[in-house]
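Visitor: Per this note's numbering, the sequence shown runs over residues 1 to 140.
Take these hints with a grain of salt, some might be off.
Calculated lysine-lysine pairs in the DSBU-like style (CA-CA distance at most 35 Å, straight line) [to be verified]:
{"no.": "1", "residue 1": "K48", "residue 2": "K89"}
{"no.": "2", "residue 1": "K48", "residue 2": "K4"}
{"no.": "3", "residue 1": "K4", "residue 2": "K89"}
{"no.": "4", "residue 1": "K78", "residue 2": "K4"}
{"no.": "5", "residue 1": "K4", "residue 2": "K136"}
{"no.": "6", "residue 1": "K89", "residue 2": "K10"}
{"no.": "7", "residue 1": "K136", "residue 2": "K48"}
{"no.": "8", "residue 1": "K89", "residue 2": "K28"}
{"no.": "9", "residue 1": "K136", "residue 2": "K28"}
{"no.": "10", "residue 1": "K28", "residue 2": "K4"}
{"no.": "11", "residue 1": "K28", "residue 2": "K78"}
Note that these hints are calculated values from the structure, not bench results.
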Amino acid sequence: MRGKVIGLAKHENRLLVCEVLNDDGVLKGWGPIGGGIEFGESAEEALKREIYEELGCNLVITGEPIVCENIFEHHGIKGHEIIFAFLIKLSDETIYTINRFQIYEDRGSAHWVEWIPLDRFERSEAILFPSIIVDKIAEI
1 MRGKVIGLAK
11 HENRLLVCEV
21 LNDDGVLKGW
31 GPIGGGIEFG
41 ESAEEALKRE
51 IYEELGCNLV
61 ITGEPIVCEN
71 IFEHHGIKGH
81 EIIFAFLIKL
91 SDETIYTINR
101 FQIYEDRGSA
111 HWVEWIPLDR
121 FERSEAILFP
131 SIIVDKIAEI
């Protein structure tokens, strides 16, 4: 089982998400920015680290986490993760004014990040990973 943390940055009924590509590099959906919780690290510490690594800014957590369990299959292998999803406010106000931009992971791979209207996920016009979080976002 894996511990994972994601940041829910919302602005004008849009959610900041990063592209999720299949193994062929084709877009298969979107996911909030976040990552794994390292051993000995709290969920809040992990989120602050992940957001800083990926967006280069700090954040303020604005509420209690939504905690959910995600059991999935990828390439025939079952995955199991506990997700801590926090509503956040980013310290870099310019991020809220840019609709689409690229981020670079430490391995050098580039990914598009975009503000996607929440109703696109609710109407299944865009796919959000993990899918279990779609209904939870509507509640906050």
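Visitor: Next step is simple, just say for each hint if it's right about the structure.
Guide: Hint by hint, here is what the structure shows:
For the hint pairing K48 with K89, the CA-to-CA distance comes to about 11 Å; that is within 35 Å, so the pair holds. Between K48 and K4, the direct Cα distance comes to roughly 13 Å. Compliance with the 35 Å bound is thereby established for this hinted pair. Distance check on the hinted pair: K4 and K89 sit about 19 Å apart at the alpha-carbon level, within 35 Å; holds. With a C-alpha separation of about 16 Å, the suggested pair K78 and K4 falls inside the 35 Å cut-off, and the hint holds.
Among the hinted pairs, K4 with K136 is consistent with the structure: their alpha-carbon atoms are about 16 Å apart, no more than 35 Å. About 8 Å separates the Cα atoms of K89 and K10, which keeps this hinted pair within 35 Å; it holds. Straight-line distance between C-alpha atoms of K136 and K48 comes to about 21 Å, which keeps the hinted pair within the 35 Å bound. The suggested pairing of K89 with K28 holds, with an alpha-carbon distance near 27 Å, which does not exceed 35 Å.
Straight-line distance between C-alpha atoms of K136 and K28 comes to about 21 Å, which keeps the hinted pair within the 35 Å bound. Of the pairs offered as hints, the one joining K28 and K4 holds, with about 20 Å between alpha carbons and a cut-off of 35 Å not exceeded. For the proposed pair K28 and K78, the alpha carbon gap of about 19 Å is at most 35 Å, so the pair holds.
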